[in-house]
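Number of protein chains: 4
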Amino acid sequence: MSELESLERRASRIKLLLMDCDGVLTDGRLWLTEDSDEQKSFNTHDGLGITLLHRAGLKSGIITARSSKTVARRAKELGMEFLRQGNSDKIAAFEQLLKQAGVEESEVAFVGDDLPDIPIMQRAELAVAVADAVAETRSVAHYVTRAKGGQGAVREVIELILKSQGRWRDLVADYLK
Amino acid sequence: MSELESLERRASRIKLLLMDCDGVLTDGRLWLTEDSDEQKSFNTHDGLGITLLHRAGLKSGIITARSSKTVARRAKELGMEFLRQGNSDKIAAFEQLLKQAGVEESEVAFVGDDLPDIPIMQRAELAVAVADAVAETRSVAHYVTRAKGGQGAVREVIELILKSQGRWRDLVADYLK
Amino acid sequence: MSELESLERRASRIKLLLMDCDGVLTDGRLWLTEDSDEQKSFNTHDGLGITLLHRAGLKSGIITARSSKTVARRAKELGMEFLRQGNSDKIAAFEQLLKQAGVEESEVAFVGDDLPDIPIMQRAELAVAVADAVAETRSVAHYVTRAKGGQGAVREVIELILKSQGRWRDLVADYLK
Amino acid sequence: MSELESLERRASRIKLLLMDCDGVLTDGRLWLTEDSDEQKSFNTHDGLGITLLHRAGLKSGIITARSSKTVARRAKELGMEFLRQGNSDKIAAFEQLLKQAGVEESEVAFVGDDLPDIPIMQRAELAVAVADAVAETRSVAHYVTRAKGGQGAVREVIELILKSQGRWRDLVADYLK
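Residue numbers (my numbering), protein chains in the order written: chain A, 1 to 177; chain B, 1 to 177; chain C, 1 to 177; chain D, 1 to 177.
Calculated from the structure, these hints are not laboratory results. Warning: the hint list may mix true and false statements.
Pairs of lysine-lysine residues, derived as BS3-like cross-links and limited to a Cα-Cα distance of at most 30 Å, are as follows [as the list claims (entries may be wrong)]:
hint: 1; chain 1: A; residue 1: K148; chain 2: D; residue 2: K99
hint: 2; chain 1: A; residue 1: K148; chain 2: A; residue 2: K76
hint: 3; chain 1: C; residue 1: K76; chain 2: D; residue 2: K148
hint: 4; chain 1: D; residue 1: K99; chain 2: D; residue 2: K69
Calculated Cβ distances over 10 Å to all of chain D for the following chain A residues [said to hold, decoys possible]:
hint: 5; residue: R13
hint: 6; residue: K15
hint: 7; residue: R29
hint: 8; residue: R55
hint: 9; residue: L115
hint: 10; residue: H142
hint: 11; residue: A147
Beta carbons are placed, not taken as given, at the ideal position from N, Cα and C, and that holds for glycine.
Please model the entire structure based on the sequences and the hints provided.
Right under this line is the structure:
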């Protein structure tokens, strides 16, 4: 079985797409103001991708070590069902989340960019690193995106999953009537 | 007729330039804060381009799925006559807007970057995709800009239109007196 | 006389460095929020450059069509003596400013990025366009910077001027004691 | 002794990592609003790097000419022990800070990007310039990072130091259990 076939087989099994936030849904920049606010920039192509993922019946969620109302706001806006913030022990959050979602590790994809994402990536059926992830994280990934974090990496993963499941063409067809 | 001639002929007919906002007038990044504010970054070269478009007697407008006071503020600042926000059904907004403007589809250009822009692009006389639009959107465009969204793509379209209409040289001459 | 000699001769005469703001001191992005605020990003290398320019006894100023407290704040912070905002007729602002400064056109450099900067550039002893200026503006410049606006273009101009005046080495030497 | 051996020997001695803020921990952009706020963007990979540095028993600090609550907030968040803001005379701040930390110059690394960083770099055991530092600063550095300021330059320095001290592998192993 070729590497591509192996990748597509993994992608075809996914029911839940989980991801880190900073450096994955964003470009890894934390915007701090002098007061206590924290600003993040999200990508509009990723946003539509997540909408399409949900339309195809898959679920999505965020597991992040930081904690900010901005992330909660974006997750809600996109209808992401699962959100775990402030978890320095990401693997515990991962296990709880899978139980809550009623999904097996063999049905989960995870997108990461740095060392704390590795333990989850080693458990997930499909482990993805963004193009500008650190070397160690890229080395444990089944797939490294062409796009950098915050620049469409999540959209790229979603297209990989939905194409492997034979769902992409129909979703796009809705726009080509 | 060559592809360039065909493109220039389309551009020469345009009386109304419509565009998506996120990813076209901006680089596709949504800046969210912890409170309910939403920040966007607009390009100064695009801004002058829209001013020149109006000076040449053409009209302009924005059709976007999101809804934000920031977009209304920028549209007003630039004197853009038409603004339709919060339209998940962009094609309905497009049809209403054309009626309001008294303009035919054969006189409209549209600039987009993602799947929801495709239905309008399939109807517009001149369909433009920004350089970093998704593949499906680029594939239905008559023209793909060299510039990315938020980095002068709209200015590039405006120059194409005004040059095709023989108006660009005079507008620039005002600055070369 | 070679082109480089001509450029250095022009640079050697400068007593006052004027510049546009958006696209020159910034990368041309206007950050708008939902309320009336307007945010701009300035470059730290440009900032030190302007400090060194003043230390060498030269003066500096900003002429811009937009109007924002942010620009006034940055100009004040850097000790820039001249600031003209909200001037759609930049050439009138330019003439008034020269009178106020007691400086001749043959002693002024101007850095621009778009069409409205051209009239001033045609009058200034040293006309500079940033790397990402529009084509028409680059074509009237004596010098086009290697750096883009907001990414050190102004610092590059200042080094050109101070080196041509034989002042750069001493200013740097203060840091190499 | 090769240049690389010399570099690794210097890195192996470091107990305290000091750095400039703007242009090193950030990309050199100062984000100003119309009111008195000042926003900065920090890199998430740098953040984890500093956490790992502390975990290895090394200390860190910031010496910067500007003064902003944003920097204090980020330093505190990352547990950075030393912070000197508003110091136009960086070398005095450097000397006081070393005394406070009980560390010799031969045990200090400093990361800079512009002229005011040079005096400290000439004293530090390991002088590092970010990839987009000005030419004079790069020329006095023992090491120039591949990454630009705000895009992982500090993380790159930390990996250099911890690898030279034989600590990196163990720190990473915690994530590879």
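Here's how the hints hold up against the structure:
A threshold of 30 Å between alpha carbons decides the hint, and for K148(A) with K99(D) the separation of about 42 Å lies outside it, so the pair is violated. Taking the CA atoms of K148(A) and K76(A), the gap is about 23 Å. The hint holds against a cut of 30 Å. Between K76(C) and K148(D), the direct Cα distance comes to roughly 29 Å. Compliance with the 30 Å bound is thereby established for this hinted pair. The suggested pairing of K99(D) with K69(D) holds, with an alpha-carbon distance near 25 Å, which does not exceed 30 Å.
Distance check on R13(A): its Cβ is at least 24 Å (rounded) from any Cβ of chain D, clearing the 10 Å threshold; non-interface status holds. The beta carbon of K15(A) is kept farther than 10 Å from every beta carbon of chain D, the shortest such distance being approximately 26 Å. Separation of R29(A) from chain D is inadequate, the least Cβ-Cβ distance of about 4 Å not exceeding the 10 Å criterion. Look at R55(A): its CB is around 30 Å from the nearest CB on chain D, clear of 10 Å, so calling it non-interface holds up.
For L115(A), the condition that its CB be more than 10 Å from all CB atoms of chain D is violated, with the nearest at approximately 4 Å. Here H142(A) stays apart from chain D, with its beta-carbon at least about 16 Å from theirs, past the 10 Å limit. Look at A147(A): its CB is around 16 Å from the nearest CB on chain D, clear of 10 Å, so calling it non-interface holds up.
Hint violations for this structure: numbers 1, 7, 9, all remaining hints satisfied.
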